Structure formats: C-alpha cells, structure tokens
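Using the sequences and the accompanying hints, generate a full structural model.
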Amino acid sequence: MSTARDRGDVAGVPDAGIPGRIPRHSGPTALRILVGAHLRRLREARNISREEAGYLIRGSHSKISRLELGRTGFKLRDVADLLTLYGADEAERATLLAMAEQANAPAWWQDYRDVVPYWFEDYLGLERDASLIRTYEIQYVPGLLQTEDYARAVIQQGREQEPVEEVERRVQVRMRRQQILMSAAPPKLWAVIDEGALRRQVAPPETMRAQLEHLAMLAELPHVTIQVLTFSSGGPVGGVGPVTVLRFAPADLDDVVYLEQIAGAQYLTRKQDALPYQHLLDQLVLHARPSAATPAILRMLAAATA
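Numbering (the working numbering), first residue to last: 732 to 1037.
Treat the hints loosely; a few may be bogus.
[What the hints assert, rightly or not] Label-pair ranges, simulated between beta-carbon atoms:
| id | residue 1 | residue 2 | range |
| --- | --- | --- | --- |
| 1 | N778 | G965 | 39 to 45 Å |
| 2 | T803 | Q1003 | 22 to 28 Å |
| 3 | P1026 | K794 | 33 to 39 Å |
| 4 | T815 | R900 | 41 to 47 Å |
| 5 | Q1014 | T803 | 22 to 28 Å |
| 6 | E951 | Q887 | 25 to 31 Å |
| 7 | M948 | S791 | 47 to 53 Å |
| 8 | N778 | D820 | 15 to 21 Å |
| 9 | G927 | A982 | 35 to 41 Å |
| 10 | P1026 | A829 | 42 to 48 Å |
In case anyone wonders, no lab produced these hints; they're calculated from the structure. Since we're looking at a predicted model, the values are computed, not measured. The beta-carbon is built from N, C-alpha and C at its ideal position, and this holds for glycine as well.
Below, the structure is given as structure tokens:
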C-alpha cells in the first residue's frame, strides 16, 4: 500500500469538557485529539468562525479544521493565541498548553517514514494510545499477533523487487508495534480471526506452525482474547472485510473504526458511522468459537500443517 484515501473524521471528537488536569494514560495522539476538541468547543461557544480563528494565527480555516481534528501537531504560540481569542480562563489555559506540549512529543515511527505511509501514522498513534483494541481479520493473522518470520513472509508478498533492507525495516515496524502488548499497562486486545487466515499457507510449514504456537501462547495472556471464526461457525453475511475498533481511556474520546484498504485506509469516528462496525464485531464474537476453545483449535491446525 502506497497511497491513501483518508475519508471521514480521522480524529473527530464530540464536544468535551475542559479537564482540570492532563488525562492519565493519554499518549500524544489521544492528547492531540483532546486538545483539538477542546479548542473547537471554546471556539463554537464564542461563535467564532474557523476563518476568523485562522486569520488570528496567520493561517486559514483549513488549518483550524486540521487542528481541531487532531490531524497535525501544535505550535504553542498558535494554541496560546487561540485560547486568548476564545477567552479561556487561566486553569483551562495552563492545562491545554501543557497537553499541547506533551502532544508534540516525537513518535518512534518517525524514524521509519521511508516505509510507513503517512496515512498509517494516524493508526500507529491511535493503536499505541488505545485501552481496548477489537479486531477481525479474514486474510492474515493480525499484525499485533504475528511472529517475525510470518510477518516477513506477509510483507514480502507483492514486494519481490523491494530491497531486503526495506522489507526488514517494515518487519521492524511491525515488531515494534507489538511492544504495547508487553508494556506495564497493555491495552486489552480482542481478536476474532477467520479460520481461513490460519490455514492460508503464506509461509513455509515450519513458519506457519510457529505462528500458530505463538498465538496459543499469546492467548494465555490475561489481556489478550483470541477467538476463531471457523468455517462451520456461520456468522454475518459475506463481503465482510477486516475491521479494527479502538477505544480510549479518556471519556472524552469516541471509538475510532479503522478500515484498511488496498491503497490506504479509512477512519471513522462519528458515532453513527462507527456503530455498524461495533455491531458487526459483536456479532462476530457471538458466532466465533469461544476463546476457551482457541488452544485446541490452534493445536489441531498446527498438527495439520504439512
């Protein structure tokens, strides 16, 4: 994937109250979204247009829109000027300026921009900041659960002419993402994996067996739930593709739905847009085999791997 079709509100947030302190467990991406939502709320309360606000900070209405959607970093001078225009009190001002400064912290994936498409940077930040990640995969094992060899095999598909160094850097990104599962405060991960993804021979047999064994090990972690949607499970109608829903600890943030596409990704945060996908995941959980059956299924599949 090399281009993006980023539709919807990648970082839209409903009106949020101004907190008295920086929310705990909020990474830079979540903080950027929160600050943007607070700025929008203050602007709308004063009936100030985006054009007026943009003029103040020597920008345009589109710059204000990007700031309010959390799609760009903050210049502290711009935030300070906007807070003055919006009449923020001293407590609001101090909190929001501190949040904006923290939101500008550099992200580890900035060192991998040669292999990370810009549309995926938003997802990396959201994934890192999420408290709950719910995902359904139909073609491959979810990236957070892949072994290094399996990830390499998947990444190499369609990239036969790509230099080995670039492939390895892509693998490094995937492995680095997985560190959140082993952190001191890991997110809850709930994955429903289609049986076809587990049977698809995208790598040599020994790599596939190691991947299945790795899944069985991860399924033992208290914050990881893995269910298999078997061929006999039934479930939602055909045509369902991979979907991920991310939830965040700050109550001011709505869920974000991530839909990966061939040449980009779509992010949905409006409640009316996200609800069908949340319902879809609920249905998949109900139709998939219970998580208690996952180890036995994985052992069966590993034994059947030629």
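In rising order, the numbers of the hints this structure does not comply with: The structure conflicts with hints 1, 3, 5, although it agrees with all the remaining ones.
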